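Engineer: Taking the hints into account, I'd like the entire structure generated from these sequences.
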Amino acid sequence: MTRREFVKKGLTMIAVGATAPSFITRTALAMNNPWDVTQVTSRSGSPDDRILVVVQMGGGNDGLNSIVPFTNDAYYRARPNLAVPQKDVIRLNDDLGFHPSLAKVKELYDKGAMAVVQGVGYPNPSRSHFKSMEIWHTADPEGRVVRYGWIGRYFDSKCPVCEQPTAGVNVGQSMPLAMQAENGMGVSVENPEAFQWMSAFNGIGAREEQELFRLLNAPAPNEPGTIDFLRHTAMNAYVSSEKVRDSVRAYKGGIEYPNTRFAASMQLIAQMISGKLPTKVYYAHMTGFDTHANQRGAHENLMEQLADGVAAFYKDLEAQGNADRAVVLAFSEFGRRVAENGSGGTDHGTAAPMFVFGQALKGGLYGQQPSLTDLSDGDLRHAIDFRSVYATILDRWLGADPQKILGHNFDRIPFI
Amino acid sequence: MAEASLRRFQPSASNPWNRVKAAHLLNRAGFGGTPEEITRLASMRFEAAVEHVLSYEQIQDSAFQEVDFSELRQMYAELIQLRRGRAGEQTVRRLAQQTNRANRLKFQELRVNWLGRMIQTKRPLQEKMALFWHGHLVSGLPETRVAEHMALQIDLFRRMGTGNFKDLILAISRDPAMLSYLDNNTNRKGKPNENYARELLELFTMGIGNYTEEDVKEAARAFTGWTFAGSEFVFRRNQHDEGVKTFLGRTGSWDGTDIINIIFEQPATARFLPRKLWEFFAYLSPEEALLEDLGGIFRRSNWEIKPVLRTMFLAEAFYSERSLRTQIKSPAQLVVGAVRMTGADVPEQALVRSMDLMGQVLLYPPNVGGWPKGHGWVNTASILIRYNFSGLLLSGGMPGLRQARAIPARVDHLIDAGKVRTAGDVIQQLVERFIQEPLEGKRRWGLLRAFGTNHEDTPWTLDGARSQEQLRSAVHLIMSMPEFQLV
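Protein sequence lines correspond, in order, to chains A and B. Oh and the first sequence: position 191 is 191 in this note's numbering, straight run, nothing missing. Oh and the second sequence: position 33 is 33 in this note's numbering, straight run, nothing missing.
Think of the hints as simulated: they come from the structure by calculation, not from any bench. All figures in this text were calculated on a predicted structure; none of them were measured in a lab. Any given hint could turn out to be false.
Computed cross-link-like contacts, DSBU-like style, restricted to lysine-lysine with a CA-CA straight-line distance of at most 30 Å [as the list claims (entries may be wrong)]:
(1) B:276 - B:122
(2) A:131 - B:217
(3) B:373 - B:306
(4) A:131 - B:189
(5) A:276 - A:106
(6) A:315 - A:106
(7) A:87 - A:362
(8) A:276 - A:111
(9) B:373 - A:131
(10) B:166 - A:131
(11) B:166 - B:373
(12) A:131 - B:276
(13) A:87 - A:315
(14) A:276 - A:362
(15) A:87 - B:191
(16) A:131 - B:191
(17) B:306 - B:276
Structural biologist: Printed below as a string of structure tokens:
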């Protein structure tokens, strides 16, 4: 058995021997174990404690109303009801500015801790939520059948998830395809309090039940795929739940977060970071960007949620002394149509800006605002392939080889 | 499986219609049953058993309490009056807030009501199909704001769930909950809203790759003016684009009904829904040949759903290795099934909340694509929630849910104590109730240990506190096994 096989199958197989369980938690998954993720993930020269936080803006974020071309007549002509008035825009330069609800991240931008990559997309864009989201997750616009996500393939290239399930932590109810790896599957957490297996009320006793739990859930060779998947998930959950809860318990707090679901996710991530969870990639979700109708208030609200959540997160990390360790990457499956529709909303579009945050960045605007008159089917033409952004992060932040992961050597964008 | 086809299952001495298959039919075409119900179905002739499940119209169902919206309707009416009149801003705002609150409570009541109905119904396939449609022709919070609209939609699914698909598509295109969920209520001439047209093609009838972006835009024009007032469909002629549209190669001054007619002339439409049905009821990634045949039946029956279901439930492939106990339970299946198989008495409010925690928030689907499926239901977070769910049945509480009551519930009714002589007997009975197939030796041994022994033939009877504790732990452990996550 190779080390790789051992850690993939082995951890959970050891659990079969009901006498071994304490060995697992004490040794194999202890912070100082020989396969600690922080020791194996980055190529030499890249600090090992770097973290990526991916924020998914689900539904298709209206890029034009996020980074507003406030001197462009075509913008105001196309959006008589929805355009952000020039006077409200937070100016970044003579032509472009933030939506006013992004005020909180303007401070980060001014400190050089925020990069906006403009006009990001991919060739032959799909306007289906599901197809396009899949493309962003797999980094595969050509539609080959890719079963693993771009982050998952990064994990596979170094094998941290298979050795350490908490190398990838998703905060939310469903594990994103982006995090699916061939070796191991990462951890999803939503509510740390519920992230533990409880023994029965008035049963035979917790200690004995825990032992039987491991016996009943331990993977065995040659079982059908689904049951094998369930056993591995159960054991991953079992061995990571205590670590996650411990890390959260160590959190000091003191930073005020807005009362939104997204902010709660970001706070949970900050808690896990403060608790020294050896995680390379966290994943957080926002939803509601599919603003076909009554967009104004809804999009304002979403911009505010994003900005305030990210701002609070960095304030928190700063207080912890961890601010330079984390880069936040926010993306959406597509932007929206240039012209507004008759419902006070916008339909599915194509290219849009991506947001990157972090103290280690060279902040500012990258790429070009796509033309509002030279359109393709009423939609913006992209100039930067999203895989260039991934490649930049993989190479310059995570210290991995993008060509191996993305299958092609995409240009880097100098925001790192 | 090379021979995958819709060949009818022929019970034989070597491959009989038996309890395992009857349990499978009960689980998939419904939410599972007690050992007694399995026995009853297994003792019927195979075809009769399928017909019993399928032709549920013949079964008199219990009278269910419907959610009463009369008071809320009154409040909405008053609110409209107030807004038209000269009432002060404050008065209007106060009533608006009250109305919103009342509407939210009705949503909750409706969720609880539906779950109760899934648990109690004598026509499980009717509710199972309503759940299927809720995940296929998706509407819900937050875009569908009016609780009564959702009640009407779920009821539409109950009425038409095994009827004619084309009729159902026309009905859902005129359904207030759907019209508001996908914004067609504001789809107007000149500035169309593409939301409904796109999902009608992509998610509801044909699937991606069978139409162009231009077809989406043209279909959106055809549906302009389709909206609602109150809870009724309304066609607003002055908002409808009468112009000529070209949709899937056909040119005319189409409206929404024409678009639906053209959709149902496409070969892709014949295979699309059968695939979804097969994946929901049997297994994922079905064989293409099988779908081809099922699509043929669907088309020839002029889009009747019941013949498709009948063929599925009678098919050998439905009872094959690929199908039996290979499906990961949805939270609804897990929760409703557990209550049905144990007869547990747990407040439905708590059951609905437990489903929320597991990721299936009834009337609030994650997006227009509907619920996850297969492995998508399970990750490290949800598996522990699913395992801890037994706490709700055994003691009225589970992590993440405020404790409704922390009293140990009865468990002795889960076994037929009179027939239990040994530890092996009690495990046999529990496995038959909860897992419904034999358990591997090592796992069985794990359960024996919960009864304080290593041996099947150790005498065991249900008397005294200790045996109750052991039974309680055993049930909790069984429900914390991967085997229990499958149907």
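Engineer: Quickly compare the C-alpha distance for residue 373 of chain B and residue 131 of chain A to 30 Å and report which way the hint goes.
Structural biologist: Judged against 30 Å, a Cα distance of about 17 Å means the pair holds.
Engineer: Between residue 131 of chain A and residue 276 of chain B, does the CA-CA distance stay at or below 30 Å?
Structural biologist: holds, 17 Å
Engineer: Between residue 131 of chain A and residue 189 of chain B, does the CA-CA distance stay at or below 30 Å?
Structural biologist: This hinted pair holds, its Cα atoms lying about 28 Å apart.
Engineer: Hinted pair, alpha-carbon criterion (30 Å max): residue 276 of chain A, residue 111 of chain A. Please report holds or violated.
Structural biologist: holds, 26 Å
Engineer: Is residue 373 of chain B within 30 Å of residue 306 of chain B, Cα to Cα?
Structural biologist: holds, 23 Å
Engineer: Does the structure keep residue 87 of chain A and residue 315 of chain A at a Cα separation of 30 Å or less?
Structural biologist: With a Cα-Cα distance of about 29 Å, the restraint between residue 87 of chain A and residue 315 of chain A holds, given a limit of 30 Å.
Engineer: Straight-line Cα separation of residue 276 of chain A and residue 106 of chain A no greater than 30 Å?
Structural biologist: It holds: about 29 Å lies between the C-alpha atoms, which stays within 30 Å.
Engineer: Check the hint pairing residue 306 of chain B with residue 276 of chain B against an upper bound of 30 Å on the C-alpha distance.
Structural biologist: holds, 14 Å
Engineer: Measure nothing beyond the straight line between the CA atoms of residue 315 of chain A and residue 106 of chain A; if it is 30 Å or shorter, mark the hint as holding.
Structural biologist: holds, 14 Å
Engineer: Against the 30 Å threshold, does the CA-CA distance of residue 87 of chain A and residue 191 of chain B hold or violate the hint?
Structural biologist: holds, 27 Å
Engineer: For a C-alpha distance cap of 30 Å, please report whether residue 166 of chain B and residue 131 of chain A respect it.
Structural biologist: holds, 26 Å
Engineer: Need the status of pair residue 276 of chain A, residue 362 of chain A: alpha-carbon distance at most 30 Å?
Structural biologist: Within the cut-off at roughly 26 Å; holds.
Checked against the numbered hints above, the structure violates none of them.
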